Amino acid sequence: MKPALLKELQYITGKEYLFTDIEDRMTYSYDAAVLDPKIPCAVVMPGTDEELGKIVLLCNENNIPITVRGSGTNLSGGTIPEEKGIVLLTRRLNNIIEINEQDMYAVVQPGVVTAALAKAVEKIGLFYPPDPGSQAVSTLGGNVAENAGGLRGLKYGVTKDYIMGINFFDATGEYIKSGSKTVKCATGYNIAGLMAGSEGTLGIISEITLKLIPCPTCRTSMVAAYNSIEKASETVAAIIAGRIVPATLEILDNFTIRAVEDYSRAGLPVDAAALLLIEVDGHPAVVEEEGARVVTLCETMGASNIKVAANDQERDRIWSARRSALSALAKLKPTLVLEDATVPRSRIPDMVKALQQIAKDFQISIGTFGHAGDGNLHPTILTDKRDKKEWHRVELAIEQIFDKALEMGGTLSGEHGIGIAKVPFLKKETGFSSIEFSKRLRRALDPNGILNPGKITGV
Amino acid sequence: MTNMDELAIFVKELEEQLVICIRCGLCQSVCPLFEQTGKEADVARGKLALLNGLMTRLFSDPDGVNKRLNKCLLCGSCAANCPSGVNVLEIFFKARTILTGYKGLSPVKKIIFKQALSNPKTFNTLMAWAGKFQKLLVKSNKTIQGTSCARFVSPLLFSRHFIPLANKPFHKSLTALKPGSTVSGIRVALFTGCLIDKILPNIAHASVKVLQHCNVNLIIPETQGCCGIPALASGDRKTFNTLLAHHAKLLQKQKFDYLVTACATCTSTIKKLWPSLYQGNENSLKKYLDNLSKKTMDINQFLVDVMHIGPYKTHEDDNSSETVTYHDPCHLKKSLGICVQPRQVITASGKYLKEMEDADKCCGMGGSFNLSHYDISTKIGKLKQKSIVETNCSTVASGCPACIMQISDMLSKTGSSIQVKHPIELYADSLL
Numbered sequence: 001m002k003p004a005l006l007k008e009l010q011y012i013t014g015k016e017y018l019f020t021d022i023e024d025r026m027t028y029s030y031d032a033a034v035l036d037p038k039i040p041c042a043v044v045m046p047g048t049d050e051e052l053g054k055i056v057l058l059c060n061e062n063n064i065p066i067t068v069r070g071s072g073t074n075l076s077g078g079t080i081p082e083e084k085g086i087v088l089l090t091r092r093l094n095n096i097i098e099i100n101e102q103d104m105y106a107v108v109q110p111g112v113v114t115a116a117l118a119k120a121v122e123k124i125g126l127f128y129p130p131d132p133g134s135q136a137v138s139t140l141g142g143n144v145a146e147n148a149g150g151l152r153g154l155k156y157g158v159t160k161d162y163i164m165g166i167n168f169f170d171a172t173g174e175y176i177k178s179g180s181k182t183v184k185c186a187t188g189y190n191i192a193g194l195m196a197g198s199e200g201t202l203g204i205i206s207e208i209t210l211k212l213i214p215c216p217t218c219r220t221s222m223v224a225a226y227n228s229i230e231k232a233s234e235t236v237a238a239i240i241a242g243r244i245v246p247a248t249l250e251i252l253d254n255f256t257i258r259a260v261e262d263y264s265r266a267g268l269p270v271d272a273a274a275l276l277l278i279e280v281d282g283h284p285a286v287v288e289e290e291g292a293r294v295v296t297l298c299e300t301m302g303a304s305n306i307k308v309a310a311n312d313q314e315r316d317r318i319w320s321a322r323r324s325a326l327s328a329l330a331k332l333k334p335t336l337v338l339e340d341a342t343v344p345r346s347r348i349p350d351m352v353k354a355l356q357q358i359a360k361d362f363q364i365s366i367g368t369f370g371h372a373g374d375g376n377l378h379p380t381i382l383t384d385k386r387d388k389k390e391w392h393r394v395e396l397a398i399e400q401i402f403d404k405a406l407e408m409g410g411t412l413s414g415e416h417g418i419g420i421a422k423v424p425f426l427k428k429e430t431g432f433s434s435i436e437f438s439k440r441l442r443r444a445l446d447p448n449g450i451l452n453p454g455k456i457t458g459v
Numbered sequence: 460m461t462n463m464d465e466l467a468i469f470v471k472e473l474e475e476q477l478v479i480c481i482r483c484g485l486c487q488s489v490c491p492l493f494e495q496t497g498k499e500a501d502v503a504r505g506k507l508a509l510l511n512g513l514m515t516r517l518f519s520d521p522d523g524v525n526k527r528l529n530k531c532l533l534c535g536s537c538a539a540n541c542p543s544g545v546n547v548l549e550i551f552f553k554a555r556t557i558l559t560g561y562k563g564l565s566p567v568k569k570i571i572f573k574q575a576l577s578n579p580k581t582f583n584t585l586m587a588w589a590g591k592f593q594k595l596l597v598k599s600n601k602t603i604q605g606t607s608c609a610r611f612v613s614p615l616l617f618s619r620h621f622i623p624l625a626n627k628p629f630h631k632s633l634t635a636l637k638p639g640s641t642v643s644g645i646r647v648a649l650f651t652g653c654l655i656d657k658i659l660p661n662i663a664h665a666s667v668k669v670l671q672h673c674n675v676n677l678i679i680p681e682t683q684g685c686c687g688i689p690a691l692a693s694g695d696r697k698t699f700n701t702l703l704a705h706h707a708k709l710l711q712k713q714k715f716d717y718l719v720t721a722c723a724t725c726t727s728t729i730k731k732l733w734p735s736l737y738q739g740n741e742n743s744l745k746k747y748l749d750n751l752s753k754k755t756m757d758i759n760q761f762l763v764d765v766m767h768i769g770p771y772k773t774h775e776d777d778n779s780s781e782t783v784t785y786h787d788p789c790h791l792k793k794s795l796g797i798c799v800q801p802r803q804v805i806t807a808s809g810k811y812l813k814e815m816e817d818a819d820k821c822c823g824m825g826g827s828f829n830l831s832h833y834d835i836s837t838k839i840g841k842l843k844q845k846s847i848v849e850t851n852c853s854t855v856a857s858g859c860p861a862c863i864m865q866i867s868d869m870l871s872k873t874g875s876s877i878q879v880k881h882p883i884e885l886y887a888d889s890l891l
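In order, the protein sequences belong to chains A and B.
Counted from 1, the first sequence has number 355 at position 355 by our numbering; the numbering is strictly sequential.
Counted from 1, the second sequence has number 758 at position 299 by our numbering; the numbering is strictly sequential.
Source of the hints: derived by calculation from the structure; they are not laboratory data.
All values derive from a computational prediction rather than experimental measurement.
The C-beta atom is built at its ideal place from N, Cα and C for all residues, glycine as well.
Watch out, some of these pointers could steer you wrong.
To be verified - Reference excerpt, derived from the structure (chain A facing chain B, CB under 8 Å, subset only):
1) G14
2) L18
3) D21
4) I22
5) T27
6) Y30
7) L57
8) G72
9) T73
10) R91
11) R92
12) I96
13) I97
14) S327
15) A330
Put together the whole structure using the sequences plus the hints.
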């Protein structure tokens with residue numbers, strides 16, 4: 001990058017918030033995806049909307065690519081920058097601007113950490129349900145850009161279901177307002193909706209209005225153990241067919257159960273082939289009735305043991321065991337590939353079977369756990385990237401997982417996004433013309449191609 | 460082969476430990492330094508990536524990595540919360556050793572470590588000499604925390620309110636100790652630690668009083684010195700090894716069931732770092748260090764788990780007892796998992812324990828981090844000070860002399876009347 005441009009960037013943010021040393025730049029060359037790093041030519045950390053707008057304008061005038069980064073927890077490479085581009089950090093744009101109790105919404109800057117908002121609204125009896133696994137560090141800007149999900153997707157939906165409005169800078173530095181603070185809004189295009197899952201390719205978010213809902217007053221959690229994973233996955237399909245919508249309906253296979261138990265000593269049955277972790281919430285009467293129906297269903301479907309949490313401590317133990325699944329698996333091997341191919345929920349039993357077959361065919365270790373209730377399993381491949389032969393088999397297995405998911409009418413990504421990792425596979429799902437449509441949309445809105453190039457649609 | 464190639468080979472020794480990091484970034488949620496700066500190079504994931512960069516010869520010189528690696532509190536919050544179980548601290552200590560070996564120690568550190576710290580006797584003489592002259596340089600703040608500040612603008616002291624060197628270090632009073640009776644039959648050796656010996660000897664006196672009260676057979680090995688952590692943190696493995704060998708030799712001469720210390724950092728260094736970072740080939744010494752590690756105990760843990768002093772009681776409706784809050788030192792809770800016992804010692808002293816918000820959050824001291832990054836250290840310390848003040852306590856206790864110094868600095872600057880004590884001091888005071 002030309003020294004004159006760096007000087008201009010420094011003029012905008014101040015010296016303290018422009019990083020040009022190679023050592024600093026290299027720490028923004030990766031995210032949580034297993035992909036090759038790319039070192040950007042500068043990193044900026046603006047403190048105001050005004051600075052944000054000026055940076056976009058400057059970059060557009062000089063054809064400098066911008067990759068926005070919150071906490072860099074992306075699992076598809078969406079925050080890996082271009083070598084000719086800059087990384088724009090949202091860290092200092094981290095104010096909760098407003099929490100409106102009466103109209104039940106929150107207005108936040110993109111750098112607010114997901115868990116921080118959840119905690120702030122919970123204090124006044126409100127609820128922001130999307131809870132991606134990285135919520136302790138992930139930012140809401142990143143959640144919107146990736147359309148992040150979480151454990152509660154089945155009943156409460158994902159990030160896009162809570163977006164009421166988004167204000168952002170377009171590629172030319174114009175400030176665009178979209179959406180509204182009203183429950184209904186039919187004013188023009190649903191631009192805010194388009195921003196969900198746009199992975200930083202359509203605009204640079206400066207303000208998000210998020211819907212809040214009342215906190216459920218009652219909830220009950222249970223663990224059902226099975227001696228075959230088929231029975232467990234058939235129970236998932238049966239619960240949904242029974243018109244019950246649990247807040248959370250998670251599955252753990254035996255491989256994951258043993259890893260979690262080794263790690264957390266939560267008292268899980270290590271000999272079970274699979275576990276279902278289930279929570280129903282809402283009005284106390286409904287919770288009682290639905291809870292009882294779920295227990296009966298699990299029994300009829302062949303659960304060998306069902307344990308209902310007697311109190312909050314027991315409930316917390318169940319969910320902390322689930323939350324530690326990824327950590328526990330991560331300890332086993334140096335490289336962990338977390339997939340999120342998703343199928344229609346009724347196809348969960350088929351997908352579980354397919355994953356077991358794939359692990360066998362390619363001789364790799366796959367731990368399977370995840371959001372069975374919404375069809376979003378997380379086959380987790382444990383490997384060592386330095387073992388070239390095995391890594392090749394892993395790549396083939398991943399492609400096979402995608403093919404199977406698409407065969408069943410599923411999708412490549414439930415909640416991690418396409419980023420760089422899944423670009424080559426997009427055509428399989430959407431076809432050529434959808435990609436062309438997306439490319440035309442991008443070209444029209446971002447003529448110089450500065451907004452996170454290379455992501456989603458490729459170059 | 461260039462020097463950077465050579466360095467890459469050294470760093471490659473860390474590869475097996477480095478690959479464990481899956482770059483999930485969860486360390487960002489617990490790092491007290493990252494909370495202040497928001498810079499990736501300040502958090503474990505970034506530092507591990509930088510070491511990876513050294514290994515792949517990304518940089519033309521190691522200075523930038525060295526500088527960033529040293530900007531760390533070594534509090535271990537990241538390691539304690541790491542999903543993949545990366546042994547962050549051990550990696551950092553080893554990396555600091557490699558880089559210091561390559562770069563050499565700074566001239567000041569060279570004099571301090573090589574000529575003073577590594578020889579406990581010389582160090583004692585030097586510090587006694589410094590103690591006599593400090594009155595000329597510093598003045599008392601006349602605060603309840605007993606801190607001082609510089610008489611004139613000093614580049615080293617800034618605006619610190621620091622606890623001055625004691626008039627009489629603990630080891631000078633050793634001869635005056637009466638041998639305890641041995642009713643319990645338990646033999647305890649006390650490891651004093653530099654900060655307690657030279658700056659906060661009251662903690663050592665309180666320890667002796669309590670241990671004698673417990674009727675243990677107490678030995679305090681003479682010519683003991685520094686546990687070696689300051690040298691290790693600066694990458695001076697040689698001085699660390701010298702100190703380790705000195706103490707092993709000294710302690711091997713003594714017979715004891717437990718080695719007890721009142722310093723969180725010394726405890727965690729002796730228990731974890733002495734055995735894991737010992738570099739020699741002497742198998743018998745390695746075995747001895749492993750065994751010593753098992754016998755080493757924090758004094759609070761010793762009192763509760765071995766001596767079974769008073770049960771844990773909260774006096775919620777008892778308004779008459781003094782309110783004390785407790786700060787968890789990183790080297791006790793995050794390194795060793797000790798958090799219940801110090802609280803039991805406080806309540807066993809008849810105090811009402813009131814928890815502060817984020818009691819286990821780092822106070823920002825971080826040993827030499829406080830010297831090199833006083834501004835950030837103070838910002839982190841102020842968060843702690845706020846949590847303490849909000850409890851309306853009259854005393855804050857902590858099981859680590861370094862934390863005590865940092866908290867004293869923070870409280871003293873605001874003119875607070877809150878005292879800063881070690882739990883053992885409270886317990887000693889409660890004994891008749």
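Structure-based check of all given hints:
1. G14: 14 Å, violated
2. L18: 12 Å, violated
3. D21: 6 Å, holds
4. I22: Hint on I22 of chain A: holds, closest Cβ of chain B at ~6 Å, below 8 Å.
5. T27: 4 Å, holds
6. Y30: Holds, because the Cβ-Cβ distance from Y30 of chain A to chain B comes to roughly 6 Å (cut-off 8 Å).
7. L57: 24 Å, violated
8. G72: 5 Å, holds
9. T73: Hint on T73 of chain A: holds, closest Cβ of chain B at ~5 Å, below 8 Å.
10. R91: R91 of chain A check passes; min Cβ-Cβ to chain B is 4 Å, inside 8 Å.
11. R92: Holds, because the Cβ-Cβ distance from R92 of chain A to chain B comes to roughly 7 Å (cut-off 8 Å).
12. I96: 17 Å, violated
13. I97: 19 Å, violated
14. S327: 3 Å, holds
15. A330: Result: holds, 4 Å to nearest chain B Cβ.
Consistency with the previously given hints fails for numbers 1, 2, 7, 12 and 13, ordered from lowest to highest.
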